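Go ahead and model the full structure; you've got the sequences and the hints to work with.
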Amino acid sequence: MKNVGILGVPITIGQPNKGVDLGPDAIRHAGLYTVLQNLKAVYQDYGNVQIENKESQTTDHVSNLKNLDEIASANELAANKVSEIIEDGQFPLILGGDHSMAIGTIAGVQKHYNNLGVIWYDAHADFNTEETSPSGNIHGMSLAVNLGMGHEKLTSILQNNPKIKPENVIIIGARSIDSGERELIKEKGIKVYTAHEVEQQGIESIIKETLNDLSTRTDGIHLSFDVDSLDPIYVPGTGTPVEGGLSIRESHYALRLLNESEKIVSAEFVEVNPLLDVKNQTAERTVELIGSLLGERYI
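For the sequence shown, UniProt numbering assigns the number 1 to the initial residue and increments by one for each residue that follows.
Just to be clear, a hint being listed does not mean it is correct.
What the hints assert, rightly or not - Derived pair list, reagent style DSS-like, types lysine-lysine, alpha-carbon separation capped at 30 Å: (1) Lys191 with Lys263; (2) Lys188 with Lys153; (3) Lys263 with Lys2; (4) Lys186 with Lys111; (5) Lys2 with Lys208; (6) Lys165 with Lys191; (7) Lys18 with Lys153; (8) Lys263 with Lys40; (9) Lys208 with Lys165; (10) Lys191 with Lys208; (11) Lys279 with Lys40; (12) Lys263 with Lys208; (13) Lys2 with Lys191; (14) Lys191 with Lys153; (15) Lys263 with Lys165; (16) Lys165 with Lys2; (17) Lys2 with Lys40.
To be verified - Pair by pair, the computed Cβ-Cβ distance ranges are: (18) Pro16 with Glu199: 27 to 33 Å; (19) Asp69 with Gln37: 38 to 44 Å; (20) Asn64 with Ser205: 35 to 41 Å; (21) Arg249 with Gln37: 22 to 28 Å; (22) Asn17 with Thr216: 37 to 43 Å; (23) Ile233 with Lys18: 19 to 25 Å; (24) Glu84 with Lys279: 31 to 37 Å; (25) Thr34 with Gly148: 38 to 44 Å; (26) Glu167 with Ser205: 16 to 22 Å.
It should be emphasised that the hints constitute simulated quantities derived from the structure, not laboratory data.
Source: prediction; values computed, not measured.
Where is the CB? At the ideal position from N, CA and C, for every residue including glycine.
In structure tokens, the structure reads:
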């Protein structure tokens, strides 16, 4: 069982919905510690990165990126704390917060690996740039930033750019991809398993292919799990739901396979928004999914 370091990154200004900053504590209160105790895990909770989440009061006439300076500062803090957790010999379990936090979390992890792989388990590719984004919301750009595409204030966090190589990224569950993202994904050669392909091919086959591909090229794999990868019937408490998502059962199986591979070196679970939730079920299901990643089984 891993020695787990828990960190909350309660950033909300990377997207327009209030409440996702409450996600880390909602996950904690939904039974996270109980799951870890049942697994007889050693764990330490480092609390939340101190983020003010103040929206920018100035207009950047050069860029359409919303809250650029504030998000860059928050991610710098997150990156340094994640790096410290790894230096302490712990598995970083990072709780979000919107998906813009992956700019910092992956930067912090990558500092300790020569060839980091990333599994992006998400309804969205988050592969927009300043030029392609229809909204200017940075949570839809975080994967692109980690490949070195985007504003210098974001790509230069921890002074290493790019953080990951295109061939070391695999997206699973995508079903809402902007036209500009499609072109960039094709240009960079990013491997994408859409929700339709998961249904057609089966999650076991896709996870095994993913692990086979990444294991040959990487020295560690980071899991970035957005709860909107799931169908919103299971997780109503998220800000950008997309119909036709993955099921709870196949996602539990996917995470179990990732656990058994022993290739996952860090993980984040993002976009849990208690203000949009129904009876806290999104946070509770997130805790259950974390349990599967860390080794919890039915029997």
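Here's how the hints hold up against the structure:
Pair hint lysine 191 plus lysine 263 holds up; C-alpha atoms about 19 Å apart against a cutoff of 30 Å. Annotation: proposed proximity of lysine 188 to lysine 153 holds, straight-line Cα distance about 22 Å (limit 30 Å). Taken as a hint, the lysine 263 and lysine 2 pair is honoured in the structure, with Cα atoms around 12 Å apart against an allowance of 30 Å. At roughly 27 Å between alpha-carbon atoms, lysine 186 and lysine 111 fall within 30 Å of each other, so this suggested pair holds.
Note on lysine 2 and lysine 208: the hinted pairing holds, with a Cα-Cα distance of about 22 Å set against a maximum of 30 Å. The straight-line distance between the Cα atoms of lysine 165 and lysine 191 is roughly 12 Å, inside the 30 Å bound, and the hint therefore holds. Restraint check for lysine 18 and lysine 153: the C-alpha separation of about 24 Å stays at or below 30 Å, so the hint holds. A distance of roughly 20 Å separates the Cα atoms of lysine 263 and lysine 40; the hinted pair therefore holds under the 30 Å criterion.
In summary, the hint linking lysine 208 to lysine 165 is supported, as the alpha carbons are separated by about 20 Å, within the 30 Å threshold. With a CA separation close to 14 Å, the supplied pair lysine 191 and lysine 208 stays within the 30 Å bound. A hinted pair counts as satisfied when its Cα atoms are at most 30 Å apart, and lysine 279 with lysine 40 qualifies at roughly 28 Å. Taken as a hint, the lysine 263 and lysine 208 pair is honoured in the structure, with Cα atoms around 12 Å apart against an allowance of 30 Å.
Proximity of lysine 2 to lysine 191 is assessed by CA-CA distance (about 29 Å); at most 30 Å being required, the pair is judged to hold. Between lysine 191 and lysine 153 the CA atoms are separated by roughly 27 Å; this keeps the pair inside 30 Å, and the hint holds. At roughly 17 Å between alpha-carbon atoms, lysine 263 and lysine 165 fall within 30 Å of each other, so this suggested pair holds. Our distance criterion of 30 Å between C-alpha atoms is met by lysine 165 and lysine 2, whose separation comes to about 27 Å.
Distance check on the hinted pair: lysine 2 and lysine 40 sit about 10 Å apart at the alpha-carbon level, within 30 Å; holds. As the Cβ distance of proline 16 to glutamate 199 is approximately 30 Å, the hint placing it in 27 to 33 Å holds. A hinted range of 38 to 44 Å holds for the C-beta pair aspartate 69 and glutamine 37, which are about 40 Å apart. Between asparagine 64 and serine 205 the Cβ separation comes to about 40 Å, which falls inside the hinted range of 35 to 41 Å.
Remark: the range hint 22 to 28 Å for arginine 249 to glutamine 37 is upheld by a beta-carbon distance near 25 Å. Distance hint check: the CB atoms of asparagine 17 and threonine 216 are about 39 Å apart, consistent with the given range 37 to 43 Å. Remark: the range hint 19 to 25 Å for isoleucine 233 to lysine 18 is upheld by a beta-carbon distance near 23 Å. Taken as a hint, the range 31 to 37 Å holds for the pair glutamate 84 and lysine 279, whose Cβ atoms sit roughly 36 Å apart.
Hint check: threonine 34 to glycine 148, Cβ distance near 40 Å, so the stated range 38 to 44 Å holds. Between glutamate 167 and serine 205, the C-beta spacing of about 20 Å keeps the proposed range 16 to 22 Å intact.
Comparing the model with each earlier hint shows no violations; every hint is respected.
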